[in-house]
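*Asks:* Quick note, the sequences are listed as chains A and B, same order. Residue 36 is where the first sequence starts when you use the working numbering, and the numbers rise one by one after that. Residue 322 is where the second sequence starts when you use the working numbering, and the numbers rise one by one after that.
Treat the hints as calculated values from the structure; they're not laboratory data. Some hints could be false.
What the hints assert, rightly or not - Below, simulated DSBU-like cross-link-like pairs (lysine-lysine); rule was C-alpha separation at most 30 Å, straight line:
{"hint": "1", "chain 1": "A", "residue 1": "Lys-100", "chain 2": "B", "residue 2": "Lys-377"}
{"hint": "2", "chain 1": "A", "residue 1": "Lys-92", "chain 2": "A", "residue 2": "Lys-104"}
{"hint": "3", "chain 1": "B", "residue 1": "Lys-421", "chain 2": "A", "residue 2": "Lys-92"}
Said to hold, decoys possible - What follows is a list of derived Cβ distance ranges for each label pair:
{"hint": "4", "chain 1": "A", "residue 1": "Val-49", "chain 2": "B", "residue 2": "Gly-382", "range": "29 to 35 Å"}
{"hint": "5", "chain 1": "A", "residue 1": "Pro-118", "chain 2": "B", "residue 2": "Asp-375", "range": "43 to 49 Å"}
{"hint": "6", "chain 1": "B", "residue 1": "Gln-366", "chain 2": "A", "residue 2": "Thr-48", "range": "27 to 33 Å"}
{"hint": "7", "chain 1": "A", "residue 1": "Gly-98", "chain 2": "B", "residue 2": "Asp-375", "range": "38 to 44 Å"}
{"hint": "8", "chain 1": "B", "residue 1": "Glu-363", "chain 2": "A", "residue 2": "Gly-75", "range": "19 to 25 Å"}
{"hint": "9", "chain 1": "B", "residue 1": "Tyr-351", "chain 2": "A", "residue 2": "Leu-147", "range": "43 to 49 Å"}
{"hint": "10", "chain 1": "A", "residue 1": "Pro-96", "chain 2": "B", "residue 2": "Glu-390", "range": "17 to 23 Å"}
{"hint": "11", "chain 1": "A", "residue 1": "Asn-61", "chain 2": "B", "residue 2": "Gly-362", "range": "19 to 25 Å"}
{"hint": "12", "chain 1": "B", "residue 1": "Pro-434", "chain 2": "A", "residue 2": "Ser-115", "range": "45 to 51 Å"}
{"hint": "13", "chain 1": "A", "residue 1": "Leu-147", "chain 2": "B", "residue 2": "Asp-375", "range": "18 to 24 Å"}
{"hint": "14", "chain 1": "A", "residue 1": "Gly-51", "chain 2": "B", "residue 2": "Asp-375", "range": "49 to 55 Å"}
{"hint": "15", "chain 1": "A", "residue 1": "Ile-47", "chain 2": "B", "residue 2": "Glu-390", "range": "45 to 51 Å"}
{"hint": "16", "chain 1": "A", "residue 1": "Gly-51", "chain 2": "B", "residue 2": "Arg-429", "range": "29 to 35 Å"}
{"hint": "17", "chain 1": "A", "residue 1": "Lys-92", "chain 2": "B", "residue 2": "Tyr-360", "range": "27 to 33 Å"}
Claimed, not checked - Covered by chain B, per the in silico footprint, the following chain A stretches (three or more residues, Cβ under 8 Å):
{"hint": "18", "region": "75-84"}
{"hint": "19", "region": "106-113"}
Since the structure is predicted, the reported quantities are computational estimates derived from the model, not experimental observations. Where is the CB? At the ideal position from N, CA and C, for every residue including glycine.
The residues making up each chain are set out below.
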Amino acid sequence: EAQVTQNPRYLITVTGKKLTVTCSQNMNHEYMSWYRQDPGLGLRQIYYSMNVEVTDKGDVPEGYKVSRKEKRNFPLILESPSPNQTSLYFCASILQGTDTQYFGPGTRLTVL
Amino acid sequence: GDSVTQMEGPVTLSEEAFLTINCTYTATGYPSLFWYVQYPGEGLQLLLKATKADDKGSNKGFEATYRKETTSFHLEKGSVQVSDSAVYFCALRAHFGNEKLTFGTGTRLTIIP
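Work out the full structure, taking the sequences as your base and the hints as a guide.
*Replies:* Okay, structure coming up:
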């Protein structure tokens, strides 16, 4: 089954404690991205990657890092989380040249 | 920059009612337009799309027409069901080859039996 998986689905942490949210897709898609969803703001892109070892900032990259060492994986790293990073995070992937983005189930992060 | 303005929610309708969720956009050039749906506890799924002016996207009884003259892409369904309860997002892709989606704020739809 074609899918994007994310782990963990729920995470509660404290300010400053480094964390990683994993994302993996099994569709051999080149393009992957991370979005955060906040009430009243919709989804905003954090980072994206057009292929292995190629990453770039989206609209709200501050406080986040990513890496793309393998085509299927695109982890989101919060080196020093802060309460304003409390949000619902989605990973997405797409085969370039097509129209359908596939989204993961989401990770709800709470930073205390 | 590009933006999407979406009808504020939440929207509550009775089963079999007619649904319209308004969406307008601002973009240079010729964007592609999408409606995504998010069911409770799940990620977003593509509901329908239109890639050029006057195209009509349709799926599961939902329709939306790409109106360049009014920069709109309103979502409609003639008779909603309880199973249509979800959050609906209008989105645009600025141009082909740029995969970033710009989203509206989302509209929560609740259908009551």
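*Asks:* Return the numbers of the hints above that this structure violates; sort them in rising order.
*Replies:* Hints 1, 4, 10, 13 and 19 are the ones this structure does not satisfy, whereas the remaining hints hold.
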